[in-house]
Amino acid sequence: MAGGTKVGGRREGRGWPLLSPAVIVLGIWSVVPLAMTLWYSTRYYNLLDPGRHFFVGLRNYDLLFSDPGSLTAIANSIILVASVLVISLIVGTALALLLNAEFPGRGAARLFAISPFFVMPPVAALIWKNLLLNPLNGLLGWMMGLFGLPVIPWFSTAPMVALIIIVSWEWIPFATLILLTALQSLDSSQIEAARMDGAGPLARLRYIILPHLGRPVAIVVMMETIFLLSIFAEILTTTSGGPGDATTTLTFLVYIRALLDFNVGGASAAGVLAIVLANIVGLFLMRSVARSLNR
Amino acid sequence: MATLELRGVRKTYGTGEVVKGVDLSIKDREFVVFVGPSGCGKSTLLRMIAGLEEISAGELLIDGVRANEIPPDERELAMVFQSYALYPHMTVAGNMGFALKMAGKPKAEIAAKVAQAARILQLEALLDRRPKMLSGGQRQRVAIGRAIVRNPKCFLFDEPLSNLDAALRVQMRTEIAKLHQELEATMVYVTHDQVEAMTMADRIVVLNGGRVEQVGAPLELYRNPASKFVAGFIGSPRMNMLEVAVAGHDGAAVRLTLPGGESLAVPARDALVKTGARVTLGLRPESLNLADDGALRGKVEVVEHLGAEMLVHVRTPQDDLLIIKAPDEARIHPNQTVGIGINPARSCLFGEDGLALILRVDALA
Chain A
50 MAGGTKVGGR
60 REGRGWPLLS
70 PAVIVLGIWS
80 VVPLAMTLWY
90 STRYYNLLDP
100 GRHFFVGLRN
110 YDLLFSDPGS
120 LTAIANSIIL
130 VASVLVISLI
140 VGTALALLLN
150 AEFPGRGAAR
160 LFAISPFFVM
170 PPVAALIWKN
180 LLLNPLNGLL
190 GWMMGLFGLP
200 VIPWFSTAPM
210 VALIIIVSWE
220 WIPFATLILL
230 TALQSLDSSQ
240 IEAARMDGAG
250 PLARLRYIIL
260 PHLGRPVAIV
270 VMMETIFLLS
280 IFAEILTTTS
290 GGPGDATTTL
300 TFLVYIRALL
310 DFNVGGASAA
320 GVLAIVLANI
330 VGLFLMRSVA
340 RSLNR
Chain B
1003 MATLELRGVR
1013 KTYGTGEVVK
1023 GVDLSIKDRE
1033 FVVFVGPSGC
1043 GKSTLLRMIA
1053 GLEEISAGEL
1063 LIDGVRANEI
1073 PPDERELAMV
1083 FQSYALYPHM
1093 TVAGNMGFAL
1103 KMAGKPKAEI
1113 AAKVAQAARI
1123 LQLEALLDRR
1133 PKMLSGGQRQ
1143 RVAIGRAIVR
1153 NPKCFLFDEP
1163 LSNLDAALRV
1173 QMRTEIAKLH
1183 QELEATMVYV
1193 THDQVEAMTM
1203 ADRIVVLNGG
1213 RVEQVGAPLE
1223 LYRNPASKFV
1233 AGFIGSPRMN
1243 MLEVAVAGHD
1253 GAAVRLTLPG
1263 GESLAVPARD
1273 ALVKTGARVT
1283 LGLRPESLNL
1293 ADDGALRGKV
1303 EVVEHLGAEM
1313 LVHVRTPQDD
1323 LLIIKAPDEA
1333 RIHPNQTVGI
1343 GINPARSCLF
1353 GEDGLALILR
1363 VDALA
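So the sequence lines, in the order shown, correspond to chains A and B. Residue numbers 50 to 344, in this note's numbering, belong to the letters of the first sequence in order. Residue numbers 1003 to 1367, in this note's numbering, belong to the letters of the second sequence in order.
One should not assume that every hint holds.
Said to hold, decoys possible - Selected chain B positions facing chain A (Cβ under 10 angstroms, derived; list incomplete):
id : residue
1  : A1052
2  : G1053
3  : D1075
4  : A1080
5  : Y1086
6  : A1087
7  : L1088
8  : P1090
9  : H1091
10 : D1160
If you are wondering where the hints come from, they were derived from the structure by calculation, not from laboratory data. Backbone N, C-alpha and C fix where the C-beta goes; we use that ideal spot for every residue, glycine too.
Whenever a hint applies, use it, and build me the whole structure from the sequences.
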């Protein structure tokens, strides 16, 4: 063991000149912003009050946790991430199953099903806000009117639902793509064996296909969570976190603190909270993914 | 316990016909092997029996009842796939009991049947493992166990041994043959390996290009092939083929002129040959021997020593390659010129259409 460490140490020593540029860049890239965020989170630093800049200890955190808006933001983040995850996985699985079946025009259908993923988030949000969900000239309002249903002003009565719809629309293609490729790797003779064993379509889905999708689902959950925690453009272009704080997520709270209130210290404290939350979620996800990968 | 009957069964994909009218009847408790080169339609035929492929034309009867429209799980057949097709996230016991679970059988009954099959296949110690943790031979046994548990009318095997290494394949071959005797079940087995067909089958069905070339017991096919294709496919090393001319014939024998000019009398009753016709003489490697005064001469190219016997590859001046099976001795070397004697008793004659001209009624004697 000691010998091994020695050899390892010598190797590290020898490789260091070659390794160092990458390690230094990575360090600057990730550690410096983190360190500066931590540093600012302990300071009074308001851009509207440029002369005063001093150490306040944990007061920024104290203010953050005593503000009911912070808890709302955490709750909103969790609601958004969890809802979009559930919707994109369910709809994504259904779409993947559909697109895996043989039918004429399958190639074009696959392309269209994937295409929302290529639309930039602000553009997608604006299309939904102005062309689809708008109560006066939106497509959805018109269609609901055809059936005699009341028109809903989505962004004022159910802003979070509207946001979840938009973000889900953006992320369903990702889930579909990953799950479709996973379905294609399913050995067709397993399905045939199940057919001969008397498993109907639902039993085949329950006992053969869904277990096969366990691993890709874990990957989708992990990837989407990372990206969904930092959803920003969709909120800015549709609701700007409102009405009130109904759609203010933790990410958006940082933005409000930093660029609307010019309170760098408070924004940094909220940023640290976001980092902690992301790490808790990340740790939990890594564990569950690792477990499903080891199976 | 079941009989299978195929009546003019065909399979077409678009405009291409893969199976071109197969008539066959499989008796109860029979072990029938479909054999043929890849692309001959043998797997498609099996999959049609299983119900995994639709039958384009013709009829399939199971126990005398038309089964074309019966879905695969209601035909009461069990299939063992080439890739085993085990369910990777279920244990061995879960795999074997899956069909019974789907049929809604009580847990105790499933456990009892799984345990019984596991005992037959010596899988008792592995019941809690997942397929990933098993060797190739064990996975194969689980796949067979999954079939046994269902107590099917007929077992279908689709090239089940082709993913195993050579030693294991020989062992599994005998295990499957033993299983056939123990279970007293009807079995249909598909393979491209004529050795598997010869060693396991009660009857072999040789398929070529979607058609049945010949159906018969292994020895019957070996000694009395109906066509040049069957003669070349069954038997290892292959039957030697020589282009010869018919010099004349009487009621008991056909006189042939060999490529070197020597003549040979082949015993044959009422052969359908004309004097002067070009025919193909088929000679098994064991019908040839090394003899200095033999009818043919040639140069040794390769000698394969198998211990008890050797295979001598000889090139004749007419550029025919003959393989001779002889007792192994060290005196034969490459590039040596040897004489080849012919024992015509079990030789075959094929016409220009590739069909046999002699029927050896004594073939099985």
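For each hint, the structure was consulted:
1. The interface hint given for A1052 of chain B holds, since its Cβ lies 6 angstroms from the closest Cβ of chain A, which is under the 10 angstroms cut-off.
2. The beta carbon of G1053 of chain B comes within 8 angstroms of a beta carbon in chain A, closer than 10 angstroms, and the hint placing it at the interface holds.
3. The beta carbon of D1075 of chain B comes within 4 angstroms of a beta carbon in chain A, closer than 10 angstroms, and the hint placing it at the interface holds.
4. Look at A1080 of chain B: its Cβ gets to within about 7 angstroms of chain A, closer than 10 angstroms, so that hint holds up.
5. Here the hint on Y1086 of chain B is kept, as its CB sits about 8 angstroms from the closest CB of chain A, short of 10 angstroms.
6. Using the Cβ-Cβ criterion of 10 angstroms, the hint placing A1087 of chain B at the interface with chain A is satisfied: the shortest such distance is roughly 4 angstroms.
7. Hint on L1088 of chain B holds. Least Cβ distance to chain A is approximately 8 angstroms, under the 10 angstroms limit.
8. The beta carbon of P1090 of chain B is positioned within 10 angstroms of a beta carbon in chain A (closest approach about 8 angstroms), and the interface hint is therefore held.
9. At its closest, the beta carbon of H1091 of chain B sits 4 angstroms from a beta carbon of chain A; the interface hint therefore holds under the 10 angstroms criterion.
10. Using the Cβ-Cβ criterion of 10 angstroms, the hint placing D1160 of chain B at the interface with chain A is satisfied: the shortest such distance is roughly 9 angstroms.
The structure is consistent with each of the numbered hints, conforming to all of them.
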